[in-house]
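A.B. asks: Taken in order, these protein sequences are the chains called G and U. In terms of this note's numbering, the first sequence opens at residue 1 and continues consecutively. In terms of this note's numbering, the second sequence opens at residue 1001 and continues consecutively.
Bear in mind the hints are in silico, worked out from the structure with no lab data behind them. Keep in mind that the hints are not guaranteed to be accurate.
To be verified - In silico BS3-like pairs for lysine-lysine, Cα to Cα no more than 25 Å straight-line: (1) 1617/U / 1678/U; (2) 235/G / 1491/U; (3) 1699/U / 1640/U; (4) 1762/U / 1788/U; (5) 183/G / 1491/U; (6) 194/G / 1530/U; (7) 148/G / 1617/U; (8) 1526/U / 1540/U; (9) 63/G / 78/G; (10) 1056/U / 148/G; (11) 194/G / 1617/U; (12) 103/G / 1206/U; (13) 182/G / 1762/U; (14) 103/G / 1699/U; (15) 148/G / 1678/U; (16) 1683/U / 1625/U; (17) 194/G / 1500/U; (18) 103/G / 1683/U; (19) 44/G / 6/G; (20) 1788/U / 1500/U; (21) 78/G / 48/G; (22) 1634/U / 1747/U; (23) 103/G / 1056/U; (24) 148/G / 1530/U; (25) 1056/U / 182/G; (26) 1500/U / 103/G; (27) 1540/U / 194/G; (28) 9/G / 36/G; (29) 277/G / 266/G; (30) 1056/U / 1009/U; (31) 1491/U / 1526/U; (32) 4/G / 15/G; (33) 1617/U / 103/G.
To be verified - Covered stretches of chain G (chain U as the covering partner; in silico rule of three or more C-beta atoms under 8 Å from a C-beta of chain U): (34) 7-16; (35) 47-59.
What the hints assert, rightly or not - According to the in silico footprint, chain G covers these stretches of chain U (three or more CB under 8 Å from chain G): (36) 1105-1111; (37) 1211-1224; (38) 1618-1629.
None of the values given here were measured: they were computed from a predicted structure. Ideal Cβ placement from N, Cα and C applies to all residues, glycine included.
If you want the building blocks of each chain, they are given just below.
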Amino acid sequence: MEEKLKALKEEVLAKIKDSSNTKTLNDVRVAYLGRKGPITDLLKGMGKLPPEERPKMGALVNKIRESVTEVLEERMVKFEEEAINAQLEKESIDVTLPGRPVKTGNHHPLTRVVEEIEDFFISMGYEIVEGPEVEKDYYNFEALNLPKGHPARDMQDSFYISEETLLRTHTSPVQARTMEAKKGEPIQIICPGKVYRRDSDDATHSHQFTQIEGLVVGENIRMSDLKGTLSLFAKEMFGEDREIRLRPSFFPFTEPSVEMDISCFKCGGDGCNVCKKTGWIEILGAGMVHPNVLEMAGYDSTVMTGFAFGMGPERIAMLKYSIEDIRHFYTNDVRFISQFHRTEA
Amino acid sequence: MLVSTKWLKDYVDIDGIPVEELAERITRSGIEVDALIDRSQGMTNVVVGHVLECTKHPEADRLNICQVDVGEETTQIICGAANVAAGQKVIVARPGAVLPGDFKIKKAKLRGEESNGMICSLQELAIDSKLVPKEYAEGIYVLPEDAVVGSNALELMSLDDTVLEFDLTPNRSDALSMLGVAYEVAAILEQEIQQPTTNYTASTEKAADYLKLRVDAKEENPMYLAKVIKNVKIEESPLWLQNRLIASGVRPHNNVVDVTNYILLEYGQPLHAFDYDRLETGEIVVRLANEGEKMTTLDDTERTLQAHQLVITNGQEPVALAGVMGGANSEVYDGTTTIILESAYFTSATVRRTSKEIGLSSDASVRYEKGVDPNRVEAAIERAAGLIAELAGGDVLEGTLSFDELDKTPVRITISPDYINNRLGMKISLEEMISVLNRLKFTVEAVNGKLVIDAPTRRQDIRIKEDVIEEIARMYGYDHIPMTLPVTESKPGGLTSYQKERRTVKAFLEGAGLCETLTYSLTSEKSVGKYALETAPTTKLLMPISEERSVLRQSILPHLLEAATYNVARRNDSVALYEISSVFLNEGEDGLPNEIAHVAAVMTGTWVDHAWQAETKKVDFFVAKGIVEGLMEKLGMTEKLTFEQAALDGMHPGRTANIYYNDERIGFIGQVHPTVQKERDLKDTYVFEMNLDRILDMKLSNILYTPVPRFPAISRDIALVVSSETTAHTLEKVIRRAGGNLLTNVKLFDLYEGDNVEEGKKSIAFSLTYQDPERTLTDEEVVKAHDKVLAALTSEAGALLRG
């Protein structure tokens, strides 16, 4: 009996060894260890043995079964691993092939600049106010201290719709409208939008362009407040190292009026082609709100004062991104617009 | 305004200050110096020569062989100018000279004859041909006889000069004169200015015996002065005067006209000279023109006048258009012997209006429009009379004919130092303020701690307290203003909900693959109504620059399609663009059109491009529709969103739908009509345009959480054969209505037309989901609900169930 068992064990181990894959190995298991296999038969045939031999033989059969099973399992694991490895090898890909593109668009560069400016001033407590692009002569000019026949109206040749209405030449009428609506209350607003001038389009002129203006009105608003605000803005927009300087200028709706230059962000002030060797770049116009403008909107100019500033997103974008022709903003070549896809420092 | 620094030295001492520094200081204190023009342009070796002999070149008709004394030697120069002649003093560029434009002068041989230099025209010395006196316009320039042979011709021509080009703001009319500039520069440099001098001896004859003056339009012309000068000899002006005019951008004519122009430049006061004899009547009458009256101005153009335009007449007919331009009939000419000199104050409004109406702007009109100094009208005429007497040998008759009702009192402004400091956020002392104002030659007195200021009348821009604040700030220096932030009530800033939602829309569309564009609001009459959502009156410009940009658009798509064509023509074949902009419907109240924000998009070419995995897909209707549906879903507005097949102008009739929200049309979507595509050189192009304002107007709902279902859902698929005409939307409506509350989702998952399906029919399959949030559904309940759906589809939609 023992002999028989030993021979059986050798036979099974040889079969396991001969198996070359999980399938044949499984066949071995079914054949030898299955319900109809010789080992099960042996156990079934235990009844025929004398009772005193049964425990010994039982233990022996079980031992053989365990050791055979162990070898078989080991072999099985090895085959499975090999199979997985083979599969993995087959599934290997060229990871340098291009991925499936995610189609996304992006903001127009002017929107990008405008939103950046808006967000800065929102963080300073400003609201964003918009107004109509077709304006009354009153809001576009008269309420801004530009009565009919004022020589400064020449500065901005306008597209009139009728004697009394025109395409706004600046976003300042939004300021006039807001002051009128706020009826003497303090104001802190930013007004972005499209504006129009009677210019022929070329590299530096566009009959349609954008503007963004700010207005603060309150008790005892001072010119130093304007300077402080603009300085923070310049640093936010053009870098921490920017310095500003104010130069006297003229706008009918502010007095005093200034232009603001920033130290050149390309050369840092040493002089280069961006700043035309001056070290300074003109960025915006500003000033203290003219008392006539305040009074016309119903503010007592002896108590309430304010400052206003205005700039052109086109100019800022052209400077920031070194764009040489203003027409690029309006021809909408995708090779142009898509360059403003990514974020930057 | 062009300011010759050489001339400026007459009034203020600027020696020792580098011109760049001077320009910077002028700019920083208020007048922007746009450019520094070096008139010498690095020229050297240009001298005065004397043409001793001049003969025709034997080999060339148009060349002359000149023997020229250039001081060091007499040398031969070949000259091609027709006006060269023996005896002339001329400008000679010697070999080695470099003229503007890097023109190097070398010894040369011209048709066998040696030429040692060049006799120059003014143009060759970088003087604009418009400024070259007419007699020398076509040839070389001839110097006065007293020019010293061999001396530096650049100095003689005053080309050793730097001109400052001012970019003047409209308020600084005072700087439209050399004297005004001198005051400004003197204030900056803390100097006094040297006034020009006038001296002449008047003749014993009285002007009043020769000329009568009457002003009938006192409002437009509150001051008019006239002088009579006899025995003038019209000739070329002396070189110094011509040089100064040329440096200032004015062409020299003759001594009398040049003096009037010179005084205009020096004082900012326009003057005019009439030929006394050609005036014929011995009378000057200033009046408003008669409607339709005609006159010919100095530029030989006949003008038809309007009744409100101011004219100078001889009592019968106009002889000048006041403040704008003189008349041809009374112009000073070579034979003039007696002149009338005019110095007047015409109001800016009248000159501005006339100048604009007749489209004529002159050095005089520009100054009148901006306002001349009332206190210089007289000084200017006296100085001019003196110069004409000196340069044209005239006899100035005694007395000035005068009409004068002009208020010449200065504007008085009383202001406290605190007011100034509060506005600026500074602490400038009273003494410093007075010192700054004194530098500017404002009359200032401190009375009870306040400043009482009389602004000089040359500064027409100083009217109110704030003007004084600006004067003090700009002279004191803006660099000294500290930096503070406004002290205001603290309140949060932010976007309105509309502005926030608009940003959401942009972010969604860009995330969906569209690039933002900006196109022009102005369009042509031809395209204004195309693709408009509403028919409305248009908003037209009174004076468009071109027909292409003459009316405000009522839809965005025409320009977006243009942008698509532009890109496709440049081989950017895949285009996916959107724009949010206003359209203009001219039906608004109070005279302004309604401005409505639209969102529009154009898509053409490839949408999915992953070619190496064979995943390349062109844009189609459903790509575009998916974006619209996705956008509306983002806004929480899918429930009442419907699409209905529509025939719209310019759109493919079978592939276009109106978009409705809550049964209100909010836009359309579809393929551009193939003929339009062809016209625009586009392949299949899909577009949509929607009324964004209307969409964002409909109150967006808040998010209310519904519990995630805890009980299983059961799904059933159905496949139907229906008429090709039956829309998916109709079937879905039937299913949803019949399915009742338990039916929670309907999804179309298959559509087929063709083989194995009867002609005129299509096979369509839906997956239906049944679910009850409160419990697990039984089979019987689902069967019951589903049977209802099947019955409804059969009876209401004529559907045949398959499988």
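A.B. asks: Hint by hint, say whether it matches the structure.
C.D. replies: Hint by hint, here is what the structure shows:
1. 1617/U / 1678/U: Cα-Cα ~21 Å, so holds.
2. 235/G / 1491/U: 23 Å, holds
3. 1699/U / 1640/U: Holds: residue 1699/U and residue 1640/U sit about 13 Å apart, inside 25 Å.
4. 1762/U / 1788/U: Since the Cα atoms of residue 1762/U and residue 1788/U sit roughly 22 Å apart, the hinted pair holds (cutoff 25 Å).
5. 183/G / 1491/U: 18 Å, holds
6. 194/G / 1530/U: Judged against 25 Å, a Cα distance of about 23 Å means the pair holds.
7. 148/G / 1617/U: At roughly 59 Å apart (the allowed maximum being 25 Å), residue 1617/U and residue 148/G break the hint.
8. 1526/U / 1540/U: Roughly 12 Å separates the two Cα atoms, so the pair holds.
9. 63/G / 78/G: Answer holds: residue 63/G to residue 78/G is near 23 Å, not above 25 Å.
10. 1056/U / 148/G: 64 Å, violated
11. 194/G / 1617/U: 37 Å, violated
12. 103/G / 1206/U: 91 Å, violated
13. 182/G / 1762/U: Judged against 25 Å, a Cα distance of about 63 Å means the pair is violated.
14. 103/G / 1699/U: 31 Å, violated
15. 148/G / 1678/U: 49 Å, violated
16. 1683/U / 1625/U: Within the cut-off at roughly 18 Å; holds.
17. 194/G / 1500/U: This hinted pair holds, its Cα atoms lying about 19 Å apart.
18. 103/G / 1683/U: 20 Å, holds
19. 44/G / 6/G: 18 Å, holds
20. 1788/U / 1500/U: Answer violated: residue 1788/U to residue 1500/U is near 45 Å, above 25 Å.
21. 78/G / 48/G: Violated. Residue 78/G to residue 48/G sits at ~39 Å, over the 25 Å cutoff.
22. 1634/U / 1747/U: 19 Å, holds
23. 103/G / 1056/U: 79 Å, violated
24. 148/G / 1530/U: Cα-Cα ~37 Å, so violated.
25. 1056/U / 182/G: Violated: residue 1056/U and residue 182/G sit about 84 Å apart, past 25 Å.
26. 1500/U / 103/G: 24 Å, holds
27. 1540/U / 194/G: Roughly 18 Å between the alpha carbons, so the hint for residue 1540/U and residue 194/G holds.
28. 9/G / 36/G: 16 Å, holds
29. 277/G / 266/G: 11 Å, holds
30. 1056/U / 1009/U: 45 Å, violated
31. 1491/U / 1526/U: Not OK: residue 1491/U and residue 1526/U at ~49 Å, beyond 25 Å, violated.
32. 4/G / 15/G: 16 Å, holds
33. 1617/U / 103/G: 12 Å, holds
34. 7-16: violated (count 0)
35. 47-59: violated (count 0)
36. 1105-1111: violated (count 0)
37. 1211-1224: Per the Cβ count (0), the hint is violated.
38. 1618-1629: Our answer is that it is violated, as 0 residues pass the Cβ test (under 8 Å) against chain G, missing three.
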